[in-house]
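Novice: Here are the chains, one letter per residue:
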Amino acid sequence: MASKPSAEKHTTDSVPHGDRDSHGPSAKAFPLWLRLVFSMLLLVHFGLIALVYFSNNSLHRTPLVDEALQKCQPYLIGMGWYTELLPMSMVGSESYDKPVAFEYRSDAKSRIWTSWIESESADSRWKRLGQLAGALAANEDDEGLGQIALSLVKRARREGIEFEQLRIVAKEPEAQRPVLLYQATVVPLASGELTLVPTIDATRTVPVSKSAVGGNVSSPEANPTP
Amino acid sequence: MNVARSIGELPRIWNAFWFAPTDMSAILRVRQSFGILVAMQFAWYLLWVPDWLSRDGWLDIDAGRYFIGAGMPGTGSQYRWSILYWWTSQSAAQLVCLLGLLAGGLMLFGIGGRLAPLGAWTCMMMVHHRAPWLTMPSEVLASAGLLYLALAPGLMSARSASARSASARSAGENSSTTSVLANVALRCLQVHWLLWIGWSLASMLQQTSWWDGTAIGILSEQGNTWLGKLTRTGWTSQILGFLTILLHVASGFCLCNRKLRGLGILLTAMLGIGYVLLTREALLGLTACCYAMAFVPYNGTDKI
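Chains as they are written, first to last, in this note's numbering: chain A, 8 to 233; chain B, 14 to 317.
Okay, chain A solo, but in the shape it has when bound (with noise of 0.2 Å):
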């Protein structure tokens, strides 16, 4: 029988406390019992990293893919490899990906939507709350753009911009007219607290010009379409 070659030789002699880095004398491996440990861990992290990758981008999910992420949890989440929230890929669904813009209206009776940021030519953050708004949007779940809009509004008040009325609208690329997200009316409350109403505009023709707080002033837009 060959004997061992000497790398494997080497690894395979242990130290009793195990591996000394740095400071000590030259390291040695690792015992079996703290590789075999080591395996386990890799092998079980590496796993779970596998599933939330891939899960987050699959269109379906298994039952048993779902537990198994569930009751990792705090593990994943808590040491931050979970990326359900997360847009991860470059890009995401075509449905929500669009450009974003928020604008304003001074007075609800006005015909004049000013435009406050869009996400075209904002940094990454605001292009990032884009995609939120669009896939909130994709999912009907006016309670979350509510919470984006009414944040939006207590910052700007407190910037000194005041208005009644907020709107998201997503553009479309080849399409005149932007798209209507969300719209709602700033009301404030007797507390002195703020809240949103939202409200559908009626489809008609109004102007749009930016805002000198937000940049250029742009050529008017039609009433984007509900």
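Simulated from the structure, these hints should not be mistaken for laboratory data. There is no bait here: all hints are sound.
Just the calculated beta-carbon pair ranges, DEER-fashion: (1) B:108 with A:197: 34 to 40 Å; (2) A:198 with B:56: 36 to 42 Å; (3) B:68 with A:119: 28 to 34 Å; (4) A:57 with B:21: 24 to 30 Å; (5) A:196 with B:112: 34 to 40 Å.
Calculated Cβ distances over 12 Å to all of chain A for the following chain B residues: (6) 45; (7) 96; (8) 100; (9) 105; (10) 121; (11) 270; (12) 274; (13) 275.
Quick look at which bits of chain A chain B covers, simulated, 3 or more residues with Cβ under 8 Å: (14) 52-60; (15) 72-82.
Given the structure is predicted, the values throughout are model-derived calculations rather than measurements. Yeah, the Cβ is synthetic: ideal placement off N, Cα and C, and Gly gets one too.
Fit chain B to the known structure of chain A by using the hints.
Specialist: Chain B in isolation, oriented as in the chain A frame:
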């Protein structure tokens, strides 16, 4: 017979792949690369996190809690720990960013051992858990890399490691700067990157938009690319989409092949450049390069 012999070899291969000690200088190089990435990441965080994620931010606490599913069963929101849910001032957010920036600096200079990557990871998680749907792919990869780097012990600097190793070799002793955990950390980085490539490829292959150029067109419409506006099914979009897929395939294949690993590293760097061109995310491109550093050949026992 060959199959049986191959199966019999698996434990030896597994053992050599994961548990052979490796020179510390390799992991130190990767750690320093990640230090640059982390420092840039937190410098970027300083520009937007206090503005967005404080109580007066663009996405206030109520919106943040809603989108993690707070109060809804099965969402796992109770595992999203972040000090920014309770300490909601802008100064708290700034402090988290500054601590992360400090940790990145320590990693860059090889100071702080395991604490530096763990500190950077903790600060990154604070931001991630506060607004997970604002997290970019670069942050997902970076946080994973930081945890893996925390497995490996730290040294004062790569220079001292090399000097110590050189003096030990000249004295005829075994190098005192090898570590099994450093090898485990390197392998974790390598495997994680290959999983990422595999997932990205699977994602692109199952969408026809990457085959007919629509994906590139969509990215350009969103203002994401440095390539200007591209038509969805134009020749440029189609070629770029195909090249993106090909780059993923080629880099993954070459990285898995020891003889082609150098080419794989180069292709991974090109993939990083591709990410920057297609998504304008410099940090994603830099993250790809950091992971590529984990594949750079290094002195030590023969590797798989």
